[in-house]
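S.K.: Spelled out, the chains give:
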Amino acid sequence: MTTHLPPAAAIAHSLEAKDLALGYPDRRIIDGLSVNIPSGRITAIVGPNACGKSTLLRGLSRLLAPSGGDVLLDGRSIHSIPTRDVATVISLLPQTPQAPDGISVADLVGRGRYPHQGWFRKWTTADDLIVDEAMVATGVRELAGRSIDELSGGQRQRAWIAMALAQRTNILLLDEPTTYLDITHQIDVLDLLVDVNTDAGTTVVMVLHDLNLACRYADHLIVMRDGAIVAEGAPAGVVTPELVRAVFDLDCLVLPDAVSGTPTVVPIGRHHRPAGTAQPEA
Amino acid sequence: MAGLSILLVLLATGALLLGKASLSPGEVLGTLIGQGTPMAGFVIGELRLPRILTAVVVGACLGVSGSVFQSTLRNALASPDIIGITASASVVGVLSIVTFGLSGFTLSLVVIGGALVAATTMYLLAWRNGMSAYRLVLVGIGVAAICSGVVSYVLSRSDIQDAQAALVWVTGSLNNSTWKALVPVTVCAVVIMVLVGIFTRPVHTLELGDDTAAGLGVPVERTRLAIIASGVALAAVAVSIAGPLAFVALASGQVARRLLGTGNAGIAVSGFVGAALLLASDLIAQFALPTTSFPTGVVTGLVGAPFLIWLLVRSSRTGTGS
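Just so you know, the sequences run in chain order A and B.
Each step along the first sequence adds one to the number in our numbering, with nothing skipped, and position 193 is 193.
Each step along the second sequence adds one to the number in our numbering, with nothing skipped, and position 287 is 287.
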């Protein structure tokens, strides 16, 4: 699948968190976290359940107001920028987006144009073109007239990504975009995100559950536990058996992926031993 | 939209022609262009025309209000007549009119204010670590029951002799339609509808869920507050002149949704549907039986109740009710 999207924006925008604290006053989920999102790259945030990875993504997307520190978009506090202006730079695909009953794919994708329209600026042919391109890029144009609830999980997710693409932002944030998808559609969605990244230079930040897919598809990994970043960097430099044990409490081997050469985590478990060893490395 | 406008014009024409005083189409037309007899002038100008316009304005208010609630709360059951908004507005209305003798703009504004206070109270009652539309419906049903009790009490203590006048506040009726009452209601309705019009696009974006809407740059809480307040005010305005007419608000948005055949709630279309629905119901109420005429609310109730049951069955079957 190839995309025909011209660069969404000529300028690359920067996104960073400084000393960020998120959560409630009595129960901080993230406290004093600083991170710089590499522009024009694909970043995956990984970690065990409840480590705060979705919270961090929501914080970065200004959905959560920080209780301390700040999120900076191009060096400015994201909460000081009008929310509609932020929406022209950052798009967000939540984990379980909901569509109104019976909405068509084209209508849904068109909603992505919201931040580009004002009280007086109405729908134009340029909007039509952008929506069309977003549907072509995600391979849902043949489904344009279909209702969202008739689609398969993979098609639906591609339609949602098309909506985010129609927003024409330089930064795309996704919260577990592959959940509920079978392996074929997981790969399909991740390939699509690589297309978007290479064709339009879009910065992609996603929360992923699957460590191996994260290693394969991300240029940059952010590994979290208990609301803090334990390690970050290129997957090959970051993912080691020691790190996996420290973060996931899991004994494993790390082998090169036979296809991409990126690290693959092979869990050991209580009932198996790696060939040639008597004991798991404990 | 064009089809609905034609339907509306047809219904209004029918309503102009029908009535106890039988006037020929020629006489009606003559009166409308100012050349009728004084008797025809009175029947058309003071009885039929204000009643038709009241039905259109009230129906549009209820249709828009229902559609606003349903799409903002993402639940077909969350319409102002089910969650107790119209019921509490009618308590304020009956107290204002029967006990304090208010009328005109004062009446409209007092009923709007009272309904907003009631809506805030219900919202707080239904709030428990977040808002669920289903809990709001349950609280609303309770509030509606209390309200109808209060209305009956106020009516029984008052010296209203005319059962028709009392029925306005129990079931809703268009019998009170006069120019004097219609003007302030129309002015309020137009102002609020302009506000709703401004918020239409962000509201349609809210249908995608709070997170997606916020990601698209919609100020979620502010938008929801403004649009719900407008919906409450519209329902209150309608109640202040016509009482708690059942089911018009509930049905209009749903009918509009099916007419449009898209996920778009079509707030404006719901207004047209509401106006047509109420006008048709009023015609049935007045002329279905040759001897008696019902209060309009009885007809909207009779038509609406099966629709409500169908919605309930459908929502519990598809699991969208929770």
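Calculated from the structure, these hints are not laboratory results.
One or more of the hints may lead you astray.
[Unchecked claim] Examples of chain A residues toward chain B, derived with CB under 8 Å:
hint	residue
1	Q98
2	A99
3	P100
4	S260
5	P267
Quick reminder that beta carbons are idealized off the backbone N, C-alpha and C, glycines included.
S.K.: Find the hints from earlier in the document that the structure breaks and name them by number, from lowest to highest.
M.R.: 4, 5
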